[in-house]
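My request is simple: use the sequences and hints to build the entire structure.
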Amino acid sequence: MNIEFKREENRLTAAVKGRIDTNSAPDAETQITEQLDGVDSLVLDFSEVDYISSAGLRVLLVLHKQMAPRGGMKLIHVNETVHEVLDITGFLDILDVEEEG
Amino acid sequence: MSASPQKWSFFERLKYSLGPRLFRVIFTFTFVLSIFAAGIGFSLYSGAATGEYARTTYHTARTAWNTMDRDLITGYMNTVFDEYRSFTQGNAAPDDAYLSKTGTIVDENYLAAQSYLKMLCRSCDVDRLYCGIFDRANNRMLFILDANLNAEDQPPGQFISFDRSVVIDIKANKTTNRFMLMVDPDIGYACSSSYIIRNDKDYVYAVFCGVNLTRVVSDSLSFMAVFIMVLLIVSLITAFTFSWYMQYKVVRPINSLASAAGEYSIDRESGNIRDDHFANINIRTGDEIQNLSEVLKEMEKDVSEYYMNMIEASREQERLSSEMEIAERIQEGTLPSTFPPFPNLTDFFDIYALMDPAKEVGGDFYDFFMLNEDQMVFLIADVSGKGIPGALFMMISKIMIFNSAKMIGPDPALILEAVNTGIMENNKAEMFVTVWLGILDIHSGRLIAANAGHEYPFIQKAGGRFELFKDKHGFVIGGMDMIKYHNYEIQLEKGDAVYVYTDGVPEAVNTAGEMYGEARIGEALNKDPERGMEALLKETKEDLDEFSRDTEQFDDITMLGLRYYGDTGMQEMKTEAVLENIPAVTDFVDRILEKKSCSTKTITQINIAVDELFSNVARYAYKPDTGSVTVRVETEENPAAAVITFIDSGLPYNPLGKSDPDVSLPAEEREIGGLGIFLVRKMMDDLSYEYKDGKNILKVRKLL
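In order, the protein sequence lines correspond to chains A and B.
As numbered in our numbering, residues 1 to 101 make up the first sequence, in order.
As numbered in our numbering, residues 1 to 704 make up the second sequence, in order.
Careful: at least some of the hints might be erroneous.
[Said to hold, decoys possible] Okay, derived cross-link-like pairs now, SDA-like style, lysine to any residue, Cα gap no bigger than 20 Å in a straight line:
hint: 1; chain 1: B; residue 1: K297; chain 2: B; residue 2: L257
hint: 2; chain 1: B; residue 1: K682; chain 2: A; residue 2: L92
hint: 3; chain 1: A; residue 1: K65; chain 2: B; residue 2: E467
hint: 4; chain 1: B; residue 1: K386; chain 2: B; residue 2: I423
hint: 5; chain 1: A; residue 1: K6; chain 2: A; residue 2: G72
hint: 6; chain 1: B; residue 1: K595; chain 2: B; residue 2: Q491
hint: 7; chain 1: B; residue 1: K472; chain 2: B; residue 2: G453
hint: 8; chain 1: A; residue 1: K17; chain 2: B; residue 2: F223
hint: 9; chain 1: B; residue 1: K682; chain 2: A; residue 2: D93
hint: 10; chain 1: A; residue 1: K65; chain 2: B; residue 2: G673
hint: 11; chain 1: B; residue 1: K682; chain 2: A; residue 2: G72
hint: 12; chain 1: B; residue 1: K574; chain 2: B; residue 2: P652
hint: 13; chain 1: B; residue 1: K601; chain 2: A; residue 2: N79
hint: 14; chain 1: B; residue 1: K682; chain 2: A; residue 2: S47
hint: 15; chain 1: B; residue 1: K386; chain 2: B; residue 2: M370
hint: 16; chain 1: A; residue 1: K17; chain 2: B; residue 2: T586
hint: 17; chain 1: A; residue 1: K65; chain 2: B; residue 2: E671
hint: 18; chain 1: B; residue 1: K682; chain 2: A; residue 2: K74
hint: 19; chain 1: B; residue 1: K601; chain 2: A; residue 2: L92
hint: 20; chain 1: A; residue 1: K6; chain 2: A; residue 2: E98
hint: 21; chain 1: B; residue 1: K601; chain 2: A; residue 2: S47
hint: 22; chain 1: A; residue 1: K17; chain 2: B; residue 2: P583
hint: 23; chain 1: B; residue 1: K601; chain 2: A; residue 2: G18
hint: 24; chain 1: A; residue 1: K17; chain 2: B; residue 2: K601
hint: 25; chain 1: B; residue 1: K601; chain 2: A; residue 2: E84
hint: 26; chain 1: B; residue 1: K695; chain 2: B; residue 2: K682
hint: 27; chain 1: B; residue 1: K682; chain 2: A; residue 2: N79
hint: 28; chain 1: B; residue 1: K601; chain 2: A; residue 2: D87
hint: 29; chain 1: A; residue 1: K65; chain 2: B; residue 2: D662
hint: 30; chain 1: B; residue 1: K658; chain 2: A; residue 2: G90
hint: 31; chain 1: B; residue 1: K538; chain 2: B; residue 2: E467
hint: 32; chain 1: B; residue 1: K601; chain 2: A; residue 2: H83
hint: 33; chain 1: B; residue 1: K682; chain 2: A; residue 2: D87
hint: 34; chain 1: B; residue 1: K682; chain 2: A; residue 2: R7
hint: 35; chain 1: A; residue 1: K74; chain 2: A; residue 2: R7
hint: 36; chain 1: B; residue 1: K601; chain 2: A; residue 2: D50
What the hints contain is simulated information worked out from the structure, not anything from laboratory work.
So this is what it looks like as structure tokens:
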């Protein structure tokens, strides 16, 4: 997994590539959290994410809790599998997920 | 066995040894010859002696008659004869009356004549002289005038009966004066002669003279005794001399040759190699025996040299044969002989092979190896030569096939072409090899094969019979450059089998000269086509052995059999239960699933499940230590499904025991724990846990 960041003013876009699983999730959390200073809008581009496991969900929840008071977090380009996981776990109800296509 | 010289005791030596035997023969011969000569000598001697006595007595008798008063004597004769005639009374002995009548003739003249005769006896060295008349009709000697030196004189008129045989001459009416041998009634054995005065028809008037032969005989006997003694001594000396000579010239040299020969054979047996047994004998007899010893000397040298060469050659032979043995072991070692060869793949296929070389090292070989995790190469081959050259060529071929397969990958035709090119480059021995090579995809059952001049394989399909499969043959490897081979494909289904063999199988002959042939192979295989490969091959080989019993095997016999079981799908990996191993486990599972036609989504879901479940084990099972976990993947058909099982020996822990998290809570109240298992439960079709034999067994099933 790796992440590409794009900063536009106070808006941060993080494009994640690969799997967000038990091994990569802590790394993803650290990398993204480090970039959050002064960010009031976080966009996670999941177009290149293969799948996400519960460890990744935990990261999403942590980030969501951090960003909620500031201006929110948004997931874009979520694939079918990730969407299903979010759906099953009720994360679709919590997170702002942009529907694909 | 070598013969050593006879060991004789003293008496045996006397009996059998050449020296004493020669002595005995020579002694006997000389002695008998001497006795014979002595006999002749004695008879000559006694003849001469008798003749001498005969002459002496005759002459004495004649002398006596000629020197005496003939008228006086004649008068006495007539007087006594008259009395005798008148006394004729048959066989009656003379009586005193008769004798006193005849005694009247004794007077002075009579006595004088008597003493004259005695004197004559003494001077002529005879024992008796007497005048007498022999009565032929009655065999009587009638004494007239007797002069006896050794005994009492017979009185005139006395008469004595004579043994007939001793007076034969007189009886035969011979008138010549002859001596005769006779037993004189008074002096015993004697030689007597007669000088006949008058010879009537019935009466012979004569002077008789006798010599006592007892003396003569005893003289002769003592002479003979001395003579025999001398002969004996001479014989002994001759025999001793001659046998000593023989001993020295013949027996001793022969004995020394014999003992040298004996030592030679003893040394030979005890491995003590010398070539001077005969060289040390110094025989200087200058005859055939010396020649013999010289020849033996030379012969021993030659034999020893030959023997040493033989030993050298046999050592060389031994070395060669032990090298052959090592070569045999090396060759055996190159053929896979552990069955099953791939213990973790026994669910996919059953493979077995056997080889029975005709010589110590054979020209046949077989091989099988995994080309990669999914494809197995198996092959059988027959090299044109046997023995060492065949074995060397076999090794080269085998290694080339292996290397080419590893380099080229799953393309039998290309592999065979590469091997052909490699071998043709340097095939000085003009050898070739036939190869059947197949590559089996153990998951799909797809078999790709190519045939380089090898026997047709037998294929068994769908529980049926083994049938000869006439595949497309290419040319043998090593025969020609730039040969093209052709792949063909067979889809093996569950239970299908392949049987390949070398020409030693169909070409084995029985005592009637018939070949075993493909038909018999088919029959043997089809006795029970469903057998395990080991039994199938071994029993087919037994059938072949039975067929070709009592004939010599002149080709290697090699068989290889494979039965495909299909992809039962079970594979396992064992790894340490740490988070870092998640990618490896995921890869392992993915590789198996890739072969199943299932969607990316399904694979992703299974990946998530693996991530959740393995991380669970890694975090909690061995806490705070670590341990191992086994991940087993099984695939099922109808419906297609995958079953993944995690087995660890950690603390008993049932992750399914927790209740599902509430997924409808607002984010602020959300807990992240338990979500993983929840996800797995939702995405998989079945999830189960059991604790058994100290192991946590967690199983998920997902329809594909």
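Which numbered hints turn out to be false for this structure?
The structure breaks hints 3, 8, 11, 14, 15, 18, 26, 34; every other hint is satisfied.
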